[in-house]
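Protein chains in written order, with the numbering used here: chain A, 1128 to 1516; chain B, 44 to 389.
Do not take every clue at face value.
Take a look, some chain A residues computed to stay more than 10 Å from chain B by CB distance [what the hints assert, rightly or not]: (1) Asp1225; (2) Gln1250; (3) Arg1269; (4) Val1284; (5) Gly1341; (6) Asp1398; (7) Glu1446; (8) Leu1477.
Which chain B residues face chain A? A few, computed with CB under 8 Å, are given here [unchecked claim]: (9) Arg152; (10) Gly202; (11) Val231; (12) Gln234; (13) Ala235; (14) Ala263; (15) Asp284.
Honestly, the hints are just simulated from the structure, not real lab data. Predicted, not measured: the structure shown is a model, and the values here were computed from it. Ideal placement from N, C-alpha and C gives every residue a C-beta, glycine not left out.
The lines below spell out each chain.
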Amino acid sequence: MSAAAAAAESGPLLEAEHVKLYFPIKAGVLIDRTVGNVHAVDDVSLALSEGETLGIVGESGCGKSTFARCLVRLLEPNEGSLRFRGQDITHLGRRDLDPVRREVQLVFQDPVSSLNPRKRVGQIVGTPMRLHGMDRDKVQGRVRELLARVGLNPEHVNRFPHEFSGGQRQRIGIARALAVDPRLIVLDEPVSALDVSIQAQVINLLDDLQDDFGLSYVFIAHDLSVVRHVSDWIAVMYLGKVMELSPAKELYTKPIHPYTDALLAAIPIPDPVENRARKRTVMGGEPPNPINPPSGCRFHTRCPRATEVCRTLEPPLAEYPAGHLAACHHPLSVGVEEIAGATRSRQSPLSAGSLMPDGKESPAEPVEAGTVEAAPERRWQRRRRPRVS
Amino acid sequence: MPEHLLDVENLQVSFATEDGLVRAVDEVSFTLDRGEVVAIVGESGSGKSVSVMTLMGLTRSPNSRFGGSARLKGRELISASEHELEGIRGKEIAMIFQDPISSLSPVHRIGDQIVEQIRAHEEISKAAAFDRAVELMERVGIPRAADRARSYPHEFSGGMRQRAMIAMALSLSPSVLIADEPTTALDVTIQAQILEEFKQLRATGDSGVIFVTHDLGVVADIADRVLVMYAGRVVEQGTLDQIFYDPQHPYTWGLLGSITRMDREPPRRLPAIPGLPPSMVNPPAGCHFRPRCPHEFARCAEVPALESRVPEAPGHSDRCWLELAEKRKRRVINGRIGLAEGTVIA
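One chain only, chain B, in its complex shape (with noise of 0.2 Å):
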């Protein structure tokens, strides 16, 4: 088996807190290659930041317990030590964050944080390393790059600071680029432009990217793979077209089913996910979508294993105990594919 750029295999990520022990992350496992975009999924508290700042090793703090592997190019990245770390968070593995204000300092120039990052890891002068990062802000869209290097970020706009963070991002050309909800700040007119950069990075095939969002449309303009996190676990997980077109899991139909349409007639009734996302101090026994699910029945209480339920596609794999054929009846509702209304109440 030819080895991924990133193999992260049941990860689990637990904090200690006052009520008790959270389980954050449970059993994530997926792989990452490069010139490829996995998108992960998920509603707020479904695991999918803390997953990726794990890998990074952002989560790391005395309350905090982990479990699993994360290989990085055959590295291991959970139990390397914060030296180690430091050679690869910025190198090897950069992230971009949803909101560029808080996560930029606001007293320094931003071509000067560019070149602070790249002299953190590299021996080279401060003017070329200056000349790397007005070339950085050209190549992500920034105008006049070489004047606006000398900036602060309150003087750019939303959508330019987004593009500085791009920038930095990529200053060292990372092999695994993170996007934590990258666009959802943004205006729809500034997010299409973030993401056709997305699209031109991901086409030069040098870095693979984990995007996670809750916008199923950003999803489907940009994600190769899909991963569907609810309530800290992987629900389901396969290519753009499997989750699209043959969703497995009821949850992922509950997803599908309350877009809002903007090209399509809308419908006279959304059809929503009843209910709330479960408390992860004293999350439900066996499967953690159980007490919103219409389809609910003996077996749920059990556990169900993240693994491949459709004969025909091995790399689709999904959490749920129906019958394959009892799902692609059920999840059609009124000729589109929802979650059937239930009877739990908010």
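Chain A with its partners taken away, still in its complex shape (with noise of 0.2 Å):
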């Protein structure tokens, strides 16, 4: 380890701050007119610490995915600003992210798309290496050490990707990341294709890597249960913004955010008899239209608990004991003294109203300069889809 990256080890990992990134909406033959934009990741402040793992949670559609693809920095955002090590890499050109992209790394969901068919998995995974310059002989040995790593069988580095079941194809993506000793791996919903009794294996196996690598995730899924497992933090994602985020244990026992609660209570239990006994209240209604996303707390709309003051004014993500962050005018599982002792956090976004759940104010502090700064005006460009090795 360098001794750059010693010394920014005190400092978080990866840092964004007030991220934000729109889609544009185009419309028009000749002239390439802009008529809207898809609010995918709407002011969103997350940190990662060394080892650490933060769970992303939420409904498809609430900017989980792309905000990942931010931090591995397959977007580019549109504003505000990402760190790795406290380097500002929000803007960084291709050849610049090189010695990032070593160290953070990505696994995607679908393990049939993201493999190429047509190369053997020697290749899909020696690429990497040799891409960020080991040596050619040295690679056969170290992809070798790395299938059976992670639980493949060595001499099946001749294989193609269709000759292995799903679970096994996302062995193969994880050994990918592996390649070049990554510190930190964003996973985007890892094992939500999978088997349950796949998606154990996946998992005890991600938990073995982080222990032994020191590695930390970030950790995308839909599913509460799963994210629950493996993450320290959960943010908890609604409509491109955090609507929540809390040490994972919190999170199940103290949900302070309704949509939390509604999406606690939309998992049922796997055991009979403690499924009928709760007592569940279905959230209706669908997330509505990132293009135009309701005024004031977007989650208002389908809210039980909203009134006017919800309607008009976004809330600012309050800070309540242990560093449980919510965005809501009317937590729940918090007492009065709770409510009264929350401040505000500087992870709030910018747009957000300074009205604090127990009635104060609490304006947001002024932004320092140079913190967050405008994105030079430039044309949107089209990486959707990294190119797969």
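Now that you have both chains on their own, put them together as the hints suggest.
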């Protein structure tokens, strides 16, 4: 590890500050007019420390995958900043990103489409090593080592992806991510496509790898029970915004945001007696259109606790004890004292109002010059899909 | 003995492939009554979808071979002619698929697709059928149904499409409704809404539901009885509580053990089932689960029959040779049900 990296260790490994990413909607034949924006990620601030796992959950379309792609800089944020070990990587070019890419890797949801069907496993796992300058003669040995490490037979280096089952393919994806000795792996729904018994195998593998290599994970999922198992911190997203950020244990015993509560209530408990005993209110409706999100709190259209203030004023992220953040005017599971003691978090969106849940006004601190800079006007880069090696 | 709505006995489905005969479904037997939800649980490739598609006659091809019988209100389905099946499909048995976008026609309006199904079975005017379609869409919770009936599938969200599929399946009040992973592609919040629809349907008591899924949480929420399938065979079947609280087959223990629970402190390590399901071209002799089972012993080389091995629960049957007392002892891992760590390597 370099001296500079060691020096930066004290701070968070990865920081996202007020990251926004809009996908423009184009219309017109000759003139490319932008007629609107899909607010995929709308002012998200999250941080991750070395060795930790941050889980991100939410319904489809909440922007969790887009945010993950920002983190590994497959997409470039429109606004806000991303820092890796203190270095600003928000607008770095391809060449400058090279050393960052070595430390930050991505594992995709679909193990079928994220592996090139025409390449052998040895090539798939070996390519990142060669791209990052490893000696050709060392690559073969290292590939075998990695395959064995993720629970595959090293003899199978010359097989093609279709010769493996879904769970095994996901192991290949993990081996590829490990190829360059990363510090951080962003896992985008890594087990959603797998059978339950195979899910458990892959989660156990990820656990072991984290312990052995001291990895940090960003774990994206829509399944709250899987996330509970792996995460230290969990962020709940809805329509591009963070609704709640909580230590993993607390989220389940003490959900503060009504949206989190509704998500938890929606999950059936795999125990018939407890499931029958549980009082559940099923949340109606579907997430609104992210092109034209609701005013005020984005969840107010589906929220059982919504009042007038929710319709007009966006709540800031209030910080409760244990670093538990929630953006809600009418928080659940917290007492009067906790509400009174809550402070406005710096991770609050800049557009949020200043009204705290107890009725106090707590305006945003003035933004220091230079921390949030608007992105230079640039044409949208069409790099939706990363090339698959 | 009172007659069941649906009575499946020793159902066998094999496919002739280039690599040999694949026994996709081997001796599956179960019954279904009105107002009842029977869940079929298993991993991909366990034969759960093939079993239910066979009931609809959807697996018929020159390469498929069938055995056993399936009787719907006394009428044989397996040997029924294609003409007979046409009268049964949609009207007596309806099916909801996992992926609503590929099971709806993209070039026809939702309402018209429901109308078409109604008019294929009943002499009824287009207008009357359309009114019925709107009514059905309302019943399954589609807002502004009269307008939405004129939309195309791509204008619907995933959850709404699945509701439209349910409306279509219900359009002729079938006595058997087969749902093949109907909520797998949906978000948990939408899944909860769809499961509510199924519960309401069960409450009416008009039809019996076969619910295919791999999610034991969903099973616990909706099923009355459960069939656990592994590599083409039913390895265990019983009531919901029997399967969850007194599981007899090691595979069921493994399934129950490997679930991540949202409402519990997670264990340090998830008990997983080692290894992979066997190839169906060349399945292991004897019990199919034998190569992955840490409790395997000499007798497992012989196929255990699916029979009741719990004296106090005659309806609860399984395919495992272990003694009852032995099973009840071995399935407890760290205070919960699970499969002991074996020496099998993936």
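Evaluated hints:
1. Asp1225: The assertion about Asp1225 of chain A holds, with a minimum of 34 Å to chain B.
2. Gln1250: holds (22 Å)
3. Arg1269: Non-interface label stands for Arg1269 of chain A: nearest chain B Cβ at 21 Å, farther than 10 Å.
4. Val1284: Its Cβ never comes within 10 Å of chain B, the nearest being 16 Å, so this holds.
5. Gly1341: Correct as stated: the minimum Cβ-Cβ distance to chain B is 18 Å, above 10 Å.
6. Asp1398: violated (6 Å)
7. Glu1446: Since the minimum Cβ distance to chain B is about 25 Å, Glu1446 of chain A lies beyond 10 Å and the statement holds.
8. Leu1477: holds (28 Å)
9. Arg152: violated (21 Å)
10. Gly202: holds (6 Å)
11. Val231: Holds: closest Cβ of chain A sits about 4 Å from Val231 of chain B, inside 8 Å.
12. Gln234: Given a least distance of 7 Å, the restraint on Gln234 of chain B holds.
13. Ala235: holds (4 Å)
14. Ala263: OK, holds: Ala263 of chain B within 8 Å of chain A, min 5 Å.
15. Asp284: Result: holds, 6 Å to nearest chain A Cβ.
The structure fails to meet hints 6, 9 from the earlier list, while all remaining hints are met.
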